[in-house]
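Enquirer: Each chain, letter by letter, is given below.
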Amino acid sequence: MVRLEERMMADRVDRASENEPGPEEIRDRECFREVGLTAEEYGSIRDHLGRLPNWTELGIYSVMWSEHCSYKNSKPLLKRFPVEGPHVLQGPGEGAGALDIGDGQAVVFKIESHNHPTAVEPFQGAATGVGGIIRDVFSMGARPVALLNSLRFGSLSNPRVRYLFEQAVAGIAHYGNVVGIPTVGGEVEFDASYEGNPLVNAMCVGVLPHEDLQKGIAQGVGNPVIYVGSSTGRDGIHGATFASEELGEDSEEKRPSVQAGDPFMEKLLLEACMELVKKKILLGIQDMGAAGLTCSSAEMAAKGNTGMELDLDRVPQRETGMTPYEILLSESQERMLLVVEDGREGEVREVLDKWGLQSAVIGRVTGDGRYRVRQKGRIVADIPVKTLVDDAPVCYRKGEEPEYYRVNADRHPEEKWKECDPGEALRQVLASPNVASKRWVYQQYDHMVRTSTAVRPGSDAAVIVLDGLDKALAMSTDGNSRYVYLDPRQGGMAAVVEAARNVVCSGARPLGITDCLNFGSPEKPEVFWQLEEAVNGMSEACRHLGTPVVGGNVSLYNESKGTIHPTPVVGMVGLVESRRHITTQEFKREGDRIFLLGETLPELGGSELQLVLDQKVSGRPPRVDLEKESQLQRIILTAIQKGWVSSAHDCSSGGLAVTLAESAFGTHLGAKVHLRTKWDPLVMLFSESQSRAVLSVSPEHAEAFAGLAEAEGVLCAEIGEVCREYLTVEVNGQPAIDARVKDLRAIWEGAIPCAMNPFSTN
Amino acid sequence: MYKATITIRLKTSVLDPQGNAVKGSLHSLGYGEVRDVRIGKTMEVWLDTPDAGEAEGRVEAMCRELLANPVIEEYEFRLEKGA
Amino acid sequence: MYKATITIRLKTSVLDPQGNAVKGSLHSLGYGEVRDVRIGKTMEVWLDTPDAGEAEGRVEAMCRELLANPVIEEYEFRLEKGA
Amino acid sequence: MRFAVPVFPGSNCDEDCAKAVREILDRPVDLVWYKNGNLDPYDAILLPGGFSYGDYLRTGALARFSPVMDAVAEAADRGKLVLGICNGFQVLLEAGLLPGAMRVNDHLKFRCSIQTLRVENNRLPFTGLYEEGEEIRLPIAHGEGNYYCDDGTLKGLEERGQIAFRYAGENPNGSVTGIAGITNREGNVLGLMPHPERAIYGWMGTDDGARLFRSMLRYWEGMHGAA
Ligand SMILES: Nc1ncnc2c1ncn2[C@@H]1O[C@H](COP(=O)(O)OP(=O)(O)O)[C@@H](O)[C@H]1O
Ligand SMILES: [Mg+2]
Numbered sequence: 001m002v003r004l005e006e007r008m009m010a011d012r013v014d015r016a017s018e019n020e021p022g023p024e025e026i027r028d029r030e031c032f033r034e035v036g037l038t039a040e041e042y043g044s045i046r047d048h049l050g051r052l053p054n055w056t057e058l059g060i061y062s063v064m065w066s067e068h069c070s071y072k073n074s075k076p077l078l079k080r081f082p083v084e085g086p087h088v089l090q091g092p093g094e095g096a097g098a099l100d101i102g103d104g105q106a107v108v109f110k111i112e113s114h115n116h117p118t119a120v121e122p123f124q125g126a127a128t129g130v131g132g133i134i135r136d137v138f139s140m141g142a143r144p145v146a147l148l149n150s151l152r153f154g155s156l157s158n159p160r161v162r163y164l165f166e167q168a169v170a171g172i173a174h175y176g177n178v179v180g181i182p183t184v185g186g187e188v189e190f191d192a193s194y195e196g197n198p199l200v201n202a203m204c205v206g207v208l209p210h211e212d213l214q215k216g217i218a219q220g221v222g223n224p225v226i227y228v229g230s231s232t233g234r235d236g237i238h239g240a241t242f243a244s245e246e247l248g249e250d251s252e253e254k255r256p257s258v259q260a261g262d263p264f265m266e267k268l269l270l271e272a273c274m275e276l277v278k279k280k281i282l283l284g285i286q287d288m289g290a291a292g293l294t295c296s297s298a299e300m301a302a303k304g305n306t307g308m309e310l311d312l313d314r315v316p317q318r319e320t321g322m323t324p325y326e327i328l329l330s331e332s333q334e335r336m337l338l339v340v341e342d343g344r345e346g347e348v349r350e351v352l353d354k355w356g357l358q359s360a361v362i363g364r365v366t367g368d369g370r371y372r373v374r375q376k377g378r379i380v381a382d383i384p385v386k387t388l389v390d391d392a393p394v395c396y397r398k399g400e401e402p403e404y405y406r407v408n409a410d411r412h413p414e415e416k417w418k419e420c421d422p423g424e425a426l427r428q429v430l431a432s433p434n435v436a437s438k439r440w441v442y443q444q445y446d447h448m449v450r451t452s453t454a455v456r457p458g459s460d461a462a463v464i465v466l467d468g469l470d471k472a473l474a475m476s477t478d479g480n481s482r483y484v485y486l487d488p489r490q491g492g493m494a495a496v497v498e499a500a501r502n503v504v505c506s507g508a509r510p511l512g513i514t515d516c517l518n519f520g521s522p523e524k525p526e527v528f529w530q531l532e533e534a535v536n537g538m539s540e541a542c543r544h545l546g547t548p549v550v551g552g553n554v555s556l557y558n559e560s561k562g563t564i565h566p567t568p569v570v571g572m573v574g575l576v577e578s579r580r581h582i583t584t585q586e587f588k589r590e591g592d593r594i595f596l597l598g599e600t601l602p603e604l605g606g607s608e609l610q611l612v613l614d615q616k617v618s619g620r621p622p623r624v625d626l627e628k629e630s631q632l633q634r635i636i637l638t639a640i641q642k643g644w645v646s647s648a649h650d651c652s653s654g655g656l657a658v659t660l661a662e663s664a665f666g667t668h669l670g671a672k673v674h675l676r677t678k679w680d681p682l683v684m685l686f687s688e689s690q691s692r693a694v695l696s697v698s699p700e701h702a703e704a705f706a707g708l709a710e711a712e713g714v715l716c717a718e719i720g721e722v723c724r725e726y727l728t729v730e731v732n733g734q735p736a737i738d739a740r741v742k743d744l745r746a747i748w749e750g751a752i753p754c755a756m757n758p759f760s761t762n
Numbered sequence: 001m002y003k004a005t006i007t008i009r010l011k012t013s014v015l016d017p018q019g020n021a022v023k024g025s026l027h028s029l030g031y032g033e034v035r036d037v038r039i040g041k042t043m044e045v046w047l048d049t050p051d052a053g054e055a056e057g058r059v060e061a062m063c064r065e066l067l068a069n070p071v072i073e074e075y076e077f078r079l080e081k082g083a
Numbered sequence: 001m002y003k004a005t006i007t008i009r010l011k012t013s014v015l016d017p018q019g020n021a022v023k024g025s026l027h028s029l030g031y032g033e034v035r036d037v038r039i040g041k042t043m044e045v046w047l048d049t050p051d052a053g054e055a056e057g058r059v060e061a062m063c064r065e066l067l068a069n070p071v072i073e074e075y076e077f078r079l080e081k082g083a
Numbered sequence: 001m002r003f004a005v006p007v008f009p010g011s012n013c014d015e016d017c018a019k020a021v022r023e024i025l026d027r028p029v030d031l032v033w034y035k036n037g038n039l040d041p042y043d044a045i046l047l048p049g050g051f052s053y054g055d056y057l058r059t060g061a062l063a064r065f066s067p068v069m070d071a072v073a074e075a076a077d078r079g080k081l082v083l084g085i086c087n088g089f090q091v092l093l094e095a096g097l098l099p100g101a102m103r104v105n106d107h108l109k110f111r112c113s114i115q116t117l118r119v120e121n122n123r124l125p126f127t128g129l130y131e132e133g134e135e136i137r138l139p140i141a142h143g144e145g146n147y148y149c150d151d152g153t154l155k156g157l158e159e160r161g162q163i164a165f166r167y168a169g170e171n172p173n174g175s176v177t178g179i180a181g182i183t184n185r186e187g188n189v190l191g192l193m194p195h196p197e198r199a200i201y202g203w204m205g206t207d208d209g210a211r212l213f214r215s216m217l218r219y220w221e222g223m224h225g226a227a
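Chains as they are written, first to last, in this note's numbering: chain G, 1 to 762; chain S, 1 to 83; chain Y, 1 to 83; chain D, 1 to 227.
Read the hints as simulated data drawn from the structure, not as lab findings. Quick caveat: nothing in here was measured; it's all calculated off a predicted structure. Treat the hints with care, as some may be off.
To be verified - Per the computed footprint, the stretches of chain S lying under chain D, defined by three or more beta-carbons under 8 Å from a beta-carbon of chain D, are:
1) 13-21
2) 24-36
Unchecked claim - If you anchor each label on the Cβ, the simulated ranges turn out as follows:
3) G/Cys754 - Y/Leu15: 23 to 31 Å
4) S/His27 - G/Lys376: 23 to 31 Å
5) D/Asp151 - G/Arg160: 39 to 47 Å
In this text, a Cβ means the ideal position worked out from N, Cα and C, and glycines have one as well.
Take these sequences, add in the hints, and give me the full structure.
Expert: See below:
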């Protein structure tokens, strides 16, 4: 039964097109389900409006209340992250987080997923992911200085996976290369669980003087709302909702028309926006990302405690006959929304014209808290704006410890491999695409444009120097999904500490993180358990290391043929106090002493060795001791700052053996190593115990270095010295590895190119 | 021997930034009458196949499998006999 | 309104790296009968010109001036009236 | 000696080039917007790398029609030094200021790496401070650096010493006879795919590019006296 006032209101807000279901029809035929809304959600929309929503309004609510925009499933968990710290200028909530780095400067960074679009069209999907994250950063007023990424794909033996991987990498490369932001780092993991559901997470880092920091808010009643950039087409409609659903067999049908990126347009937008920021014209700026015009405009109004009125006839359109629903929900790329003081439109237009960008005043800020949209003189939506943002439903779900977790408690893989030869094992692990050189990937990225890349891809973290300052920024993306699968809490912690360790090994103090939580369907209790545990682990580690979470992104429903491994990815940024501290992982000089820091335990659950020898993932992953981890990081950083350290490389996938080999790659050097241990050689060499690193130290500082480690209570063993050409390792006096570094390197460098070109004859 | 001439175009709903850029340049060069530009690919494939029917089927398969990306592109082709 | 469909090809004397790569991929996908592949561009240009003769001249000029690079490419086009 | 760096929509190495001139040569340098058709105040022009007009149609093809390119042609004509780096090289080819054309890399992928080059001619305004035959290391970053010219043109380039640099060892893009950089007949216009401006300090991985800029300055001072 329709109440009288509902009917009256519904008359005032028009149906935009005869082809759309009317308000009553939506109610009677439950059309809200088509856009992913539940009956309860539909009920609250009615309550919020005090009448029946029309189709346009329903669309607006559906995207604003989707997981992608509202975080309805993850919000309660995200509250657990530490988000504060003395140097936090902007925490989660804006386009990207910002941290003070002294000298009046700040670093702005964020990571975001583009998993579903990549699964559908890998080149454009990955490329537009990069485009979106760049806009998030420059919409904060920051000049983007670096890009990173984190990739997950199925096995390269599958031709479809090779296609997806090849195209996604090419798309990432293309976008960043054209815009002229160096792609300086990242990671790639291959696992069958990503077969039909690859992950592409892109991170952007920017720098700005504090006073340039922008916000995405709509202020000042009467001020104009300006649209800039590409015209709106029908691309990516319902991308946000789509990203919040499982990819099923019918996704091919249901998928929205694919968004194509135009990095050239992005470059123009970037430069124009930087100019507007410098001219101090902007009151608010936000990019049109997920859920397009709707999300950006509604969020700006909600954050500004204002309202907004938009006239869709003024929105530049690429296609004809677009309905309000389509215009509002389109995810066409390379578009921004600006709010400026009334009367300054001319100044804005001048800058935009210079860069050849089209722009249009498409609406005004209002004071009545309504989100009102017109087309052809009719009101097609009229919604209390706060209900779109603040009243989005929140789902409090309950997790349930899965069976596999309990079963894994008493699996101890290391017991069976006693007879395996360590040298052979090393060759196999180096040939595993997870460990193998990623040069095939990063060679396609321009990692040197802007001439500030001091550490290029291939070392633990990338380092970018800052113009006019002695300071530099180190950055890394990390996450080991096998650890997270086996123990999400430990795996979550490991992602944070590994990222921090990478940054520390490069000479930086970790400042803070951004994260991307890639998980399966939260409606499955075991998936929700993974998510909750991982968030707890990450939070604990961040608290302990003093690295707040200043932004991130959640990507749920990553399921096609089964659920992906739970994959939280951490993007860490650290500050190098002086360029003199910049350190890389390669050995530098013959005769330098090699130290192993930290304790090695029999921890091979989820290890690369396990994967290579058993083709499976079982047991418990390495445990993280946060106290030990921070001690380790402290002494590495101190020793680097004292100028004692020639090279530093953290132990991660593949354990000590791989760490030693990688330290020798990229040079003509090798190492002679003697290990003493109570464990089996294979365990000693391939265990992935956390909180360890291999440093080479010049002989004159060796003693002081060992003293420092002892004083700090960090286990420190001098295990050998840097020599030429060969990697030889003895364990308890018995030869374990004896190889020419060149041969090992050929295996390590050849693995991915070979896998990508299985038909090549050479 | 057959020669297939394949034309691959972006679907009309997909943004063609290249076409837009070329249109812009044509305008500034004084070709103001240009209304729209769309850019695609053309491929000439020579096949050692004796039979037209077979050639047709094979080219169709190549297009679907490799040459065109059905998500954003559409294709058509014609066959000619001889060189 | 006229629509010009322009085909731009690499001159036969110029090696076509893309065509070669595609040929290699086709072979490895089992299309062993493929002898050669050459890849070029196709452009659709819509002109607001009432007269066919004029359209012809203008398109010819665009090709010479901008659309093709005479060092490595050759072009041809056909005109159609209407949309 | 005053330098101009023309900026096209989509240029992205313009600042890097200007920085190299300021820091290595300590000479004045201006970024010049592509709509500006006057380069009279400048002694040398650096066409920067990047993706002018998004590389749409063909690399360098759309940039060539801008007013600043008329001025570049005029400057080249008057014997001023013109250096085109990467996309700048591609623009010079499209503009006909250098012979030949660019194709996509033979492996079809964008390639960013530090390559070894051989200095083929050190009697050019740009190479005076290198040894002839010297091997130097410079970064490349391009998807279309596969230089092409026909046999007759190649013969002419070789005879007149217009080939400035070739890749030594691996040819990263398939260019004809490993060509990495060529000049015009007069030798005052150089186009090269590698990026000397990305190789001016050791921490960048190599500083072999600094001498290219210094060579230009030395040449100019030789002609005009230090100023
Ligand atoms: N997708 C990628 N993009 C750019 N660089 C990458 C990518 N994947 C790996 N790399 C680079 O390769 C090197 C090794 O990566 P990884 O094995 O993940 O290092 P770590 O184990 O220290 O985190 C790093 O310098 C990293 O930045
Ligand atoms: Mg590492």
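Enquirer: Now look at each hint and say whether the structure bears it out.
Expert: Against the structure, the hints come out as follows:
Counting residues of the segment 13-21 of chain S whose CB lies closer than 8 Å to any CB of chain D gives 3, which reaches the minimum of 3, so the coverage claim holds. Coverage of a stretch by a chain is defined here by at least three residues with a beta carbon nearer than 8 Å to that chain's beta carbons; for the segment 24-36 of chain S and chain D the count is 3, and the condition holds. G/Cys754 and Y/Leu15 have their C-beta atoms about 26 Å apart, which keeps the hinted 23 to 31 Å range intact. Distance hint for S/His27 and G/Lys376: a CB-CB separation of about 30 Å, consistent with the stated range 23 to 31 Å.
In this structure the hint that D/Asp151 and G/Arg160 lie 39 to 47 Å apart at CB holds, the actual value being about 43 Å.
Violation of the numbered hints given earlier is absent; every hint is satisfied by the structure.
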